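Q: My request is simple: use the sequences and hints to build the entire structure.
Number of protein chains: 4
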Amino acid sequence: MAKGFRQKIRQKNTENSGFGDNASGRFINKDGLPNVTRKGVNIFNRFSWYHTMLDLSTFQFLSYLVIAYVLVNLFFAFIYYLIGVEHLTGIDKSDPVNEFIDVFFFSSQTFTTVGYGRIAPVGFMASLVATFEAFLGLLTFAIATGLFYGRFSRPRAYLKFSDIAVISPFKGGSALMFRLAPFKNNALTDADVIVSAAIEVIENSVPKSNFYTLKTQLNKINTLALNWTVVHKIDEESPFYGFSEEDFKNTDIEIIVHLRAFDEVFSNTVVQRCSYISKEIIYGAKFTPMYYPDKENLSTVLDLDKINDYQKADLPMMMEEK
Amino acid sequence: MAKGFRQKIRQKNTENSGFGDNASGRFINKDGLPNVTRKGVNIFNRFSWYHTMLDLSTFQFLSYLVIAYVLVNLFFAFIYYLIGVEHLTGIDKSDPVNEFIDVFFFSSQTFTTVGYGRIAPVGFMASLVATFEAFLGLLTFAIATGLFYGRFSRPRAYLKFSDIAVISPFKGGSALMFRLAPFKNNALTDADVIVSAAIEVIENSVPKSNFYTLKTQLNKINTLALNWTVVHKIDEESPFYGFSEEDFKNTDIEIIVHLRAFDEVFSNTVVQRCSYISKEIIYGAKFTPMYYPDKENLSTVLDLDKINDYQKADLPMMMEEK
Amino acid sequence: MAKGFRQKIRQKNTENSGFGDNASGRFINKDGLPNVTRKGVNIFNRFSWYHTMLDLSTFQFLSYLVIAYVLVNLFFAFIYYLIGVEHLTGIDKSDPVNEFIDVFFFSSQTFTTVGYGRIAPVGFMASLVATFEAFLGLLTFAIATGLFYGRFSRPRAYLKFSDIAVISPFKGGSALMFRLAPFKNNALTDADVIVSAAIEVIENSVPKSNFYTLKTQLNKINTLALNWTVVHKIDEESPFYGFSEEDFKNTDIEIIVHLRAFDEVFSNTVVQRCSYISKEIIYGAKFTPMYYPDKENLSTVLDLDKINDYQKADLPMMMEEK
Amino acid sequence: MAKGFRQKIRQKNTENSGFGDNASGRFINKDGLPNVTRKGVNIFNRFSWYHTMLDLSTFQFLSYLVIAYVLVNLFFAFIYYLIGVEHLTGIDKSDPVNEFIDVFFFSSQTFTTVGYGRIAPVGFMASLVATFEAFLGLLTFAIATGLFYGRFSRPRAYLKFSDIAVISPFKGGSALMFRLAPFKNNALTDADVIVSAAIEVIENSVPKSNFYTLKTQLNKINTLALNWTVVHKIDEESPFYGFSEEDFKNTDIEIIVHLRAFDEVFSNTVVQRCSYISKEIIYGAKFTPMYYPDKENLSTVLDLDKINDYQKADLPMMMEEK
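Protein chains in written order, with UniProt numbering: chain U, 1 to 322; chain G, 1 to 322; chain A, 1 to 322; chain Y, 1 to 322.
Take every hint as true, because none was put in to throw you off.
Below, simulated DMTMM-like cross-link-like pairs (lysine to aspartate or glutamate); rule was C-alpha separation at most 20 Å, straight line:
| hint | chain 1 | residue 1 | chain 2 | residue 2 |
| --- | --- | --- | --- | --- |
| 1 | A | Lys39 | Y | Asp305 |
| 2 | Y | Lys215 | A | Glu15 |
| 3 | U | Lys286 | U | Asp235 |
| 4 | A | Lys233 | G | Glu15 |
| 5 | U | Lys220 | Y | Glu15 |
| 6 | A | Lys249 | A | Glu280 |
| 7 | U | Lys312 | U | Glu245 |
| 8 | G | Lys208 | A | Glu296 |
| 9 | G | Lys39 | A | Asp294 |
| 10 | G | Lys215 | A | Asp190 |
| 11 | Y | Lys233 | A | Glu15 |
| 12 | U | Lys208 | G | Asp294 |
| 13 | Y | Lys220 | U | Asp190 |
With beta-carbon atoms standing in for the labels, derived distance ranges:
| hint | chain 1 | residue 1 | chain 2 | residue 2 | range |
| --- | --- | --- | --- | --- | --- |
| 14 | A | Asp305 | U | Val70 | 54 to 62 Å |
| 15 | A | Lys220 | G | Ile202 | 22 to 30 Å |
| 16 | U | Glu237 | G | Trp49 | 54 to 62 Å |
| 17 | A | Thr288 | G | Pro289 | 53 to 61 Å |
| 18 | U | Asn219 | A | Asp31 | 37 to 45 Å |
| 19 | Y | Leu82 | G | Leu71 | 43 to 51 Å |
| 20 | U | Lys220 | G | Gln311 | 40 to 48 Å |
| 21 | A | Gln311 | G | Glu203 | 19 to 27 Å |
It is worth saying that the hints were derived from the structure and are not from the lab. In this text the structure is predicted, and so the values were computed from the model without any measurement. C-beta atoms are modelled at their ideal positions from N, C-alpha and C, and glycine is treated no differently.
A: In structure tokens form, the structure reads like this:
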């Protein structure tokens, strides 16, 4: 809590951040999602299962599919067993366990529509359930097809942001910098970035977050092929003007980054967000280059592992509060 | 019907609402669709069955699929029965009902391509029909796959609007307010809102709806994570300037809200509309907060069940017609 | 050919129409596509088969699928027949025709993956071909699924344009008008229209098409729920200023309309084009209303069959060539 | 390397190209992708397999599918063989090779869900593996469906650029020109083009690429139906002002073209890039027409094979360095 900071900041704060001024904790989580918990509304209505399925990791998603497959087959095996194994031909009736095993596999052969026919329904009830199960199987795989497509066709920016932001010397003064780079074989163009800062101030002895838009040297890049170092010069128009190293440490600051670009494979706009809080901002440092010409001098090599590499750099003295 | 209101409203009305000035009833239904009935054109051409399938509830959609499945199988069972059960192997020929039942299940095993083979076609006609039915089955599930994907990948805003709008005290005057909040686990950014009002006036003794654009305090929000209270200050530029509680009650008013945002999962623009008519506007009330810090003060909790909560609030006296 | 018209038109023509000034015939066909034939490039590269499949009518599309299904099965039946029917179990070997019929149905049962098993491959070659055919069958239905989805999820405006444009009396002068209306259960918002005119003039005794942008009274509509009559006032800024009935008849004119809107179901921008040539422009006529309140006065009825209804209307005298 | 060129260029260079000033080799490859190699990050994370699958040629894509199909079946055949052929009915046990062949075909019949049933699993292990294989098969075809749809629904501009750019006489001076034309049956509208130039200059005796935006006569075309010749007039605002034929030859120049249009079938924005380096620029040449009226004068014919046709054309003398 940095008392009295309100006086230092001359820039007008913005009110359309979408965050309340008494929201708690970090605003944007490191994964880019807002740090908000929702309550109320029926729980089934509060989740979009499609959004949820798209947000699962590949491993989780496949695991859920396998588990669902086993459960569905257990369920139908149980029903066929209740109806009676005498309504299925070719069942191994040596003992109940074998019966259940055969009935389980009959279910899976029906659900996947393999239908070898070694085991086949003969009675009305068994046939009816099998008819329904095969139908359900096809619908399930229709849904799975949609989910797979939804998952991998989902437009994403595939950008790597540096874990840290730095306060670097810049054109005789200082600047807040962070960088980002595309890390996959996608082609991004027309990238633009919006950077804002949430700074906690004491107003009428109540802590309160004010939002400020940070001007950047460039806010549009034609082709996002190499890394992009976003630079916010700390001049008189910056809310950080006059901040000392201690001020950066002791104030609740959150730098919120919103990047938008056009992906040429998806032919769609993609967005990615990131945020830096006080402890992720390094004072007096500058990034070291992360790309270089290849050996034959015919192409450029971008080394993504160097995205966080920086070196110490002395900042010019700043006069606080003229 | 408020006679003479035309004189009170100084703001110029807009003409590009897309609604005629002698259209009847509510303009926008509470579900956001225009209140218009279409006639003429061949009925098959007047409906996009794809739009219709996407607008069905999940329950209706699944019911239709099951019904279609049963009907198709009955239809094909009937055809196989006409061709003759002697062209199918493995049929239970004990009586006509059993024959039909077996033929029905053969149909379903063909349509779903399970094809156990316990019952299989042997003659030319039965084989031909089965060949066609299996083909039709696959195409049907191809279409179902598309419909499922279309249904759940359909970009939607998932916004909850307050059921009511309120006339609240605001900065020494009054303002029309309503609020909205995202209720699912989707992430909306770059939201903007366009608010207009349809007000019925008497012109040359004919009632007529005029449309006005309402200015809002903010019309853009960066991140739609919490609720958003949209505020239209009733000042001299507002068509509601000088309206008394009775005027709000007795005039045919419709507030039409059009919200647009960018959904980061769908990477698509989503829109949602809402409208408030006279009886849904509460005079002299203000919304109570619907979000608060969580217990550990690390996150913000948004309580969606409180979206309609308001309390009485006295409005300042307004001078009518200076 | 109207000689000397160049002098009459004062408006500057535009050069970014994308059409050359010596292109021939109508520019935009009545279905909205440019009237251009392409030549050169390998014929396989000159067509996007996906665009072609999407442009087929439903009947054509389904017919092609059925024909392809029959041809593929004939092809594979022929191959199995060459390999020898002794490599398939359950074949009716009474005569070559029956053999071929059974082999054909085996092919279809494999391609659709029904696989009853009454006929099944036993030798290496027959099994290998069946293995490949089943694989091909699944890929084919994967492609069909994509085509079905592509066809019905393809964003389209579903707008009906009036077949004719009229020159109507308007605010003491005259105006060129045409109208359009959505005819399906889709919801269009934010519609905007761009109208241009191609007028043939004689320059240095060579006929040449000049393009002009036509100003419209409104070029944006918020909600496209009812019909929209697009109005281009023929004033001094219009290229048609001073045109007499004969001028409209005798000059090669083409009005090109380009409409863009946002479809809320597809959440996508949709476009539709239309064009009117000289003989589709009626001089001295005005459209009659095509919507009216319903009986209970609770909704508006839009009668799409009336879109071309007009009545004669006298135009004010215009001074030609001041 | 053209020493001293820095002085000749008066236009201010831009800094938002997204390319570093010491990147090596061509910036944009002839296929439109940036000439950058990425390093670092786990190799599995550095590639989007979906982007990769979409970029494959149709032949490569289908080959990979067939290879995967064979490998999967070999893998499962091996497992069934290990479990023991006695757990499968109907296997030809005459010798191990025949056993393996039958087991391989059983695997393929399971993976594709054909399931003739001539060979069918009877033991627990064989049934379990078959249950899993059928499930995997369906998921694989679900993924294949998505890939097929992703591949052919991927919005693409289908534009052919001329292989060369020319320096042509233009309005008493000279201009850099290149042209492009849509070569498929797609309909592009609202096309706009951004042209920039990378010119290598020597600054402080270090070679360095500066980027310049090139103004074009038209940068927007309503309907991209015919070819479009993009014209950059070389006037005092052009970085090429005063360049002689030798200057064009001896300087490292790269003209980077970024075209955006709206495809009416995909209802999506499509982009295509192209670049021209020094040796692809022909000095003193002009393009010859590539479209003409058809025989009946009712349509326009666009001959795509003529896109590179040009003829020599003398350029007016230019004064270098006034």
